[in-house]
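Here are the chains, one letter per residue:
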Amino acid sequence: MRIGTNVWIGYEPLYLARDLGYYTNTQVKLVELTSASEVIHALRNGMLEGAALTLDEALTMLDDGFDLHVVLVMDFSHGADALMVKPEITSLAELRGKRIAVEQSSVGAILLDGVLNAAKLDPTEVEIIPCVADEHPECYSSVDAVVTFEPFKTKLLQQGARLLFDSRQIPNRIVDILVVPRATIKRHPQSLKQLLDGYFKARKYLSTQPDDAASRMEARLGLTAVEILDAYKELSLPGLEENITLLDRDEGQLEGMAQELADFMLQRKLLKNKLHIRDLLDHRFLPKSAP
Amino acid sequence: MKYLRSISLKLWIPLLVIGIFAMLLLIMVWMAQQNIASDINQRGLRLATQQMALLQREMVKEFGVGHQVEAGQALSASGVDIHYRTLAAIDAHGQIIHSIRFAQKGRQAAKVLSNFDTQRFATLRQSNRPDVRLETAQQQISAYFPLTLSSHEGDIRAMETGALFLIYDLHAEQEQAWSQAWFSTLPIWLLLLLAMALLVEFLRYFITRPIKMLVSAAQAVAQGDSGVMIHVQGSGELAQLANTFNRMSQQLDLRFKQRMQAESALKMSLDRLSAAQKMAKFGHYILDIKSDSWSASAELEQIFGVDENYKKNIDGWLQIIHPDFREIMSRYFHDEVLTQHQCFDKEYKIIQVKTGEVRWVHGLGELKFDDDNNAIEILGTIHDITQRKRAEEQIHTLSQAVEQSPVSVMLTTVKGHIVYVNSAFERVTGYSSAEVIGQNPRILKSGKTSPSQYHELWEALSQGREWHGEFQNRKKNGDYFWEHAHIAPVLDESGKVRHYLAVKEDITLRKQQEKRLLHQAHFDALTDLPNRFLSLDRLFQLLTEAKRNGHLVAVLFLDLDDFKKINDTLGHSVGDKILIGAAERLRHVIRDGDTVGRLGGDEFIVLLGGLSDISGIRPVVKGLIDHFRSPFQIDNRELILTVSIGIALYPNDGDTPSDLLRNADSAMYHSKALGRNTYSYFTDSMNQGAARRLALEEQMHGALDRGEFRLCYQPQIDVASRAMVGVEALIRWHNAVLGEVSPEEFIPIAEHSGLIVPIGQFVLTEALAMAAQWQKISNPSFSVAFNVSPHQFRDASLVPFIAGLIEQSGITKGSLELEITEGVLMSQHTYIDESLAALNDLGVKLAMDDFGTGYSSLSYLRNYPFSVLKIDRSFINDITLDEADLKLVTASIAMAHSLGLKVIAEGVEMESQLTLLAEQGCDVAQGFYFSKAVPADEITAMLEAG
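From first to last, the protein sequence lines stand for chains L and Z.
For the first sequence, this note's numbering gives the first residue as 1, with consecutive numbering after it.
For the second sequence, this note's numbering gives the first residue as 1, with consecutive numbering after it.
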């Protein structure tokens with residue numbers, strides 16, 4: 001069972017789990033891709049059995065008729081997604097007519113929408129430059145602003161960029177989730193369980209031994225352990241209990257959020273169709289008890 | 001016979017078939033898998049090479065235009081292929097530029113990539129040709145593709161050669177191939193199972209079922225069923241077999257039935273034998289000597305209390321035997337039976353194994369020998385003889401009981417011949433058993449048993465009843481003895497009398513005791529005269545007779561005069577001898593047929609019956625009184641005892657024994673009152689005398705407490721000076737019912753009832769108190785005299801009591817005079833001597849009272865410390881008229897004075913008497929001439945008057 005992700009500290013506990021050997025002797029294979037676009041691409045082509053995506057990305061796929069299901073909520077972005085601008089730009093209003101790099105197919109669109117909305121600008125009033133996530137540091141030099149996320153946000157800060165807007169201003173819009181097509185639920189139920197078990201074990205490891213966990217992440221993220229731990233402060237990682245609350249069919253918190261987001265995206269023309277969120281969530285693969 | 005191995009066809013045939021098929025199938029699967037695996041490998045090689053060639057081309061192109069990132073994206077995108085375990089772009093220095101594992105970026109390939117072969121990498125860099133290898137063992141493909149890198153910007157040609165390193169994993173696919181291979185053969189497996197089920201069913205129906213039938217039929221035959229038939233149709237081998245079986249079964253059935261008949265006949269006879277053995281408690285056994293084992297019939301097992309599991313060998317048999325017999329039986333069996341070849345014949349005790357019960361058995365056994373005359377077998381019987389033995393034991397016990405019984409037991413035949421006597425019989429009669437066996441019990445006859453007794457005995461026995469009664473028989477030595485016999489016929493089973501059994505107890509001793517008891521009940525032990533009971537009984541008989549023939553009956557009540565005095569003074573032994581003597585005399589006097597009895601004490605009764613008138617009484621009575629005139633010779637002493645007789649007559653004085661006795665008693669008292677030594681006929685007035693005696697006794701109780709006694713004092717006057725020198729204290733009794741009672745009347749009754757002691761103490765206390773007063777008024781030597789009854793001396797407290805009084809009252813020493821009569825001294829009791837001596841020590845003077853009326857033994861005067869002699873009034877009365885009396889008085893005074901005694905004359909009534917006494921030198925006088933006895937205050941008045 002292949003699970004594809006791009007590089008994003010919210011997804012990093014999965015790799016921590018692999019590194020700690022939690023997936024040894026299982027069918028779980030983590031596929032490391034360079035950007036969310038690559039992930040979506042692979043998932044659409046059936047090259048992956050599951051993927052870590054943002055909720056808006058998942059909605060976009062639903063809009064295209066994919067039958068996806070959310071089996072895990074990995075994080076809420078509270079500042080980890082951000083608009084980084086050249087130092088000379090000091091206000092949102094100054095963005096008018098500026099070149100903004102963004103990974104269009106992905107979560108970047110949501111944040112950009114939030115930025116434009118806050119700046120009271122029409123998308124036509126700025127120049128949008130497509131740029132996939134792993135190229136953001138390269139793109140930065142040729143644009144005025146970049147819509148990005150960790151670890152690239154920290155890397156841009158190191159290059160002298162200024163943070164003008166981040167996900168804290170659009171709460172609950174940017175949600176990272178683990179989605180699987182219906183076929184995976186049928187074929188790999190056992191592996192899904194092992195995947196989530198390992199995830200929560202790694203989460204525990206991260207909270208109990210943060211330094212070791214962070215140092216294990218250094219190579220993949222290209223950040224120091226201290227930077228990684230700082231970056232985690234901009235994330236809210238729901239635990240097992242919260243996951244149950246979010247994913248439980250009856251409570252359906254995430255379903256409400258998704259519907260809200262879908263409606264918002266339709267309004268912003270980020271979706272083609274009106275979506276009726278139903279049967280999106282599947283909490284059966286969550287561990288029965290916290291590790 | 002050939003031995004064939006048989007297996008379950010139903011199971012093994014299908015198993016064998018299926019086994020072969022399964023094996024073939026497995027080989028097929030294996031071959032198929034081999035093909036698939038080979039295909040996978042080939043396809044893997046092809047795909048890996050193609051994909052790597054494409055990636056190589058794209059990456060070289062991107063590197064060529066300096067798109068490092070895009071080259072990395074291309075590599076990463078390839079990573080989604082599930083087969084790619086490792087995929088990395090490595091530069092010329094072996095450093096990882098890109099990897100599907102981002103973390104490996106920048107690291108040394110040789111360090112982080114486990115399958116990386118630096119040799120192949122080096123070779124690749126030389127040859128610049130892809131190196132793709134199938135590594136069958138690891139189920140993977142390793143591929144090294146050259147990668148031209150433009151490391152330095154501005155180089156016209158990228159000169160540096162790196163590599164794309166790939167590990168293409170075939171493991172999962174190979175595994176899948178196996179499962180696919182298995183899966184594809186599934187329908188064949190199912191078919192195989194179906195075929196097997198069909199085969200099993202086929203076998204079951206056409207082979208197993210008929211065989212089972214045959215087997216169960218054969219089993220039925222084996223279990224003893226007969227006439228079993230099998231029906232198998234068709235002409236197969238099994239049908240032939242079934243037909244053959246049926247013929248065999250018929251044959252067997254025929255033989256079986258014949259055998260059954262024989263067996264049932266045998267069983268019946270065995271059952272009968274067993275039943276017979278059970279009834280007879282008789283079992284049999286066969287002992288095989290060589291194998292040391294025996295078999296037993298059911299009854300024998302019952303007798304021994306063993307079952308078929310019991311260890312049936314010689315040791316097992318010995319274990320059953322009672323420990324008392326085990327050793328003996330073991331020796332007997334081995335020595336006499338096995339060694340000496342004797343027949344086994346023994347009675348012994350066993351302990352039943354099951355119940356632990358002890359039983360007697362009689363074992364018999366005969367030896368069987370082989371041709372060499374070796375004992376090989378014993379065939380024998382065991383008979384349970386417990387009942388017989390117990391009966392024998394019981395008979396033995398009973399015989400012993402009879403033999404040792406303390407009563408005589410005798411068994412005779414019907415004709416009367418003795419067949420058995422026990423040892424008690426021998427001991428009692430003195431005849432030995434041998435002497436009497438065969439004899440008739442008549443030999444014991446004494447001739448003293450009445451013929452009617454024998455008649456009664458034989459009448460009872462001849463009617464089959466038992467009889468008991470008493471015989472007086474004679475022993476061998478001629479002695480008579482009494483027997484209480486219980487004789488009973490002993491019947492046999494048919495109820496006929498076989499024997500007579502006599503159980504006899506020697507009751508001679510009892511008879512004697514009875515007689516003695518009877519005698520004791522009716523006769524007085526001392527005198528052997530009829531006692532009160534018998535006397536009254538005789539009287540009753542006499543009265544009955546007299547009522548019939550109109551005769552008179554006289555009841556004589558006799559009382560020995562002064563017997564009490566004798567008894568008190570001379571002791572009971574003397575009294576008893578007198579009573580015996582008196583009885584002897586009485587017996588001699590009476591006529592034949594008259595009765596003498598002792599009523600108790602000194603009272604006797606004489607019954608005279610058959611009197612036609614009262615004239616017959618007088619001679620008898622006279623004779624009685626005459627006989628008592630002569631003295632009794634007792635212990636060298638002559639004692640004269642007269643008798644007083646009272647006579648009551650039937651029918652005049654009463655018609656019941658008690659009335660007559662009471663009236664005779666009253667008459668006797670009258671005789672006493674007349675002066676004793678005489679007889680009186682009962683008169684009505686005597687009744688009153690008896691009544692007064694009773695009234696006196698009754699009233700005297702409590703008289704002291706009621707203060708009815710008082711003292712009077714008669715002055716004693718010095719003859720010379722005519723002055724009062726003392727008084728004699730005299731007791732008076734005034735009773736509300738009886739009036740004034742004289743001391744002569746009540747003192748004997750007081751003595752009789754024991755009231756004399758408290759009365760005496762009253763007198764002493766009162767008189768001493770007065771004397772103390774008077775000594776103060778007149779002079780300290782003023783004396784008081786008392787009379788003391790002999791009964792008072794018996795009271796041990798008399799002397800200490802007087803001593804206490806003297807101390808208390810403070811009277812002058814020597815002013816107290818105790819007057820005693822000769823009778824007190826005559827008893828010679830030591831307590832009287834001791835009392836008198838003690839009183840003398842206290843300073844009490846002794847006066848000899850009533851001197852001259854009794855024996856007047858002078859030795860008493862000498863032997864006892866008398867100070868005073870009182871001359872009886874009977875002498876004084878007549879001194880003026882009778883010369884002899886005067887001379888006696890004169891002599892007495894002279895004798896007294898010569899002994900140093902003071903003389904007091906009693907009953908002085910006239911001046912002339914006093915004058916005479918004065919002339920004779922009498923010291924003191926008392927009497928009506930001076931004063932009668934007066935109350936104390938008058939004495940006081942006299943003294944005060946001077």
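None of these hints come from the bench; they were simulated from the model.
Honestly, I wouldn't trust all of these hints.
Lysine-lysine pairs mimicking BS3-like chemistry, simulated, CA-CA at most 30 Å apart [said to hold, decoys possible]:
id, chain 1, residue 1, chain 2, residue 2
1, Z, Lys111, L, Lys155
2, Z, Lys281, Z, Lys312
3, Z, Lys105, L, Lys204
4, Z, Lys515, Z, Lys565
5, L, Lys204, L, Lys186
6, Z, Lys622, Z, Lys577
7, L, Lys201, Z, Lys111
8, L, Lys29, Z, Lys105
9, L, Lys120, L, Lys98
10, L, Lys201, Z, Lys105
11, L, Lys155, Z, Lys577
12, L, Lys29, Z, Lys622
13, Z, Lys346, Z, Lys368
14, L, Lys155, Z, Lys622
15, L, Lys233, Z, Lys105
16, L, Lys98, L, Lys155
Calculated from the model, a selection of chain L residues having no Cβ within reach of chain Z, i.e. all distances over 12 Å [unchecked claim]:
id, residue
17, Glu32
18, Arg96
19, Pro123
20, Ile129
21, Gln159
22, Pro171
23, Ala219
24, Leu221
25, Ser236
26, Leu275
Glycine is no exception: its CB is placed at the ideal position from the N, C-alpha and C atoms.
Going down the list of hints, with the structure as the test:
Using a Cα cut-off of 30 Å, the hinted pair lysine 111(Z) and lysine 155(L) holds, with the two alpha carbons roughly 28 Å apart. The straight-line distance between the Cα atoms of lysine 281(Z) and lysine 312(Z) is roughly 20 Å, inside the 30 Å bound, and the hint therefore holds. The straight-line distance between the Cα atoms of lysine 105(Z) and lysine 204(L) is roughly 27 Å, inside the 30 Å bound, and the hint therefore holds. With a C-alpha separation of about 36 Å, the suggested pairing of lysine 515(Z) with lysine 565(Z) is violated against the 30 Å cut-off.
For the given pair, lysine 204(L) sits about 28 Å from lysine 186(L) by alpha-carbon distance, which is consistent with the 30 Å threshold. Restraint check for lysine 622(Z) and lysine 577(Z): satisfied, since their Cα atoms lie roughly 23 Å apart, inside the 30 Å limit. Between lysine 201(L) and lysine 111(Z) the alpha-carbon distance is near 28 Å, which keeps this suggested pair within the 30 Å criterion. As the CA atoms of lysine 29(L) and lysine 105(Z) are separated by approximately 19 Å, the hinted pair is consistent with the 30 Å bound.
Taking the CA atoms of lysine 120(L) and lysine 98(L), the gap is near 14 Å; set against the 30 Å cutoff, the hint holds. Proposed proximity of lysine 201(L) and lysine 105(Z) is supported: the alpha carbons are some 26 Å apart, at most 30 Å. Of the supplied pair hints, the one linking lysine 155(L) and lysine 577(Z) is violated, its CA atoms being roughly 167 Å apart against a limit of 30 Å. Simply put, lysine 29(L) and lysine 622(Z) have alpha-carbon atoms about 171 Å apart, too far for the 30 Å limit, and the pair is violated.
A distance of roughly 18 Å separates the Cα atoms of lysine 346(Z) and lysine 368(Z); the hinted pair therefore holds under the 30 Å criterion. A distance of roughly 184 Å separates the Cα atoms of lysine 155(L) and lysine 622(Z); the hinted pair therefore is violated under the 30 Å criterion. The hinted pair formed by lysine 233(L) and lysine 105(Z) meets the criterion: a straight-line CA distance of about 27 Å does not exceed 30 Å. The straight-line distance between the Cα atoms of lysine 98(L) and lysine 155(L) is roughly 21 Å, inside the 30 Å bound, and the hint therefore holds.
With a least beta-carbon separation of about 5 Å from chain Z, glutamate 32(L) fails to lie farther than 12 Å from that chain, contradicting its non-interface assignment. Remark: the non-interface label on arginine 96(L) is consistent with the geometry, its nearest Cβ contact in chain Z lying 30 Å away (cut-off 12 Å). Against the 12 Å criterion, proline 123(L) stays outside the reach of chain Z, whose nearest CB is about 27 Å from its own CB. No Cβ of chain Z approaches the Cβ of isoleucine 129(L) within 12 Å, the least distance being about 16 Å, so the stated non-interface status holds.
For glutamine 159(L), the shortest C-beta to C-beta distance to chain Z comes to about 16 Å, beyond the 12 Å cut-off, and the non-interface label holds. Every beta carbon of chain Z lies more than 12 Å from that of proline 171(L), the smallest distance being close to 30 Å; the non-interface claim holds. Taking the minimum C-beta to C-beta distance to chain Z, about 4 Å, the non-interface status of alanine 219(L) is violated against the 12 Å cut. Taking the minimum C-beta to C-beta distance to chain Z, about 9 Å, the non-interface status of leucine 221(L) is violated against the 12 Å cut.
Look at serine 236(L): its CB is around 25 Å from the nearest CB on chain Z, clear of 12 Å, so calling it non-interface holds up. Taking the minimum C-beta to C-beta distance to chain Z, about 27 Å, the non-interface status of leucine 275(L) holds against the 12 Å cut.
Checked against the numbered hints given earlier, this structure breaks hints 4, 11, 12, 14, 17, 23, 24; the rest are met.
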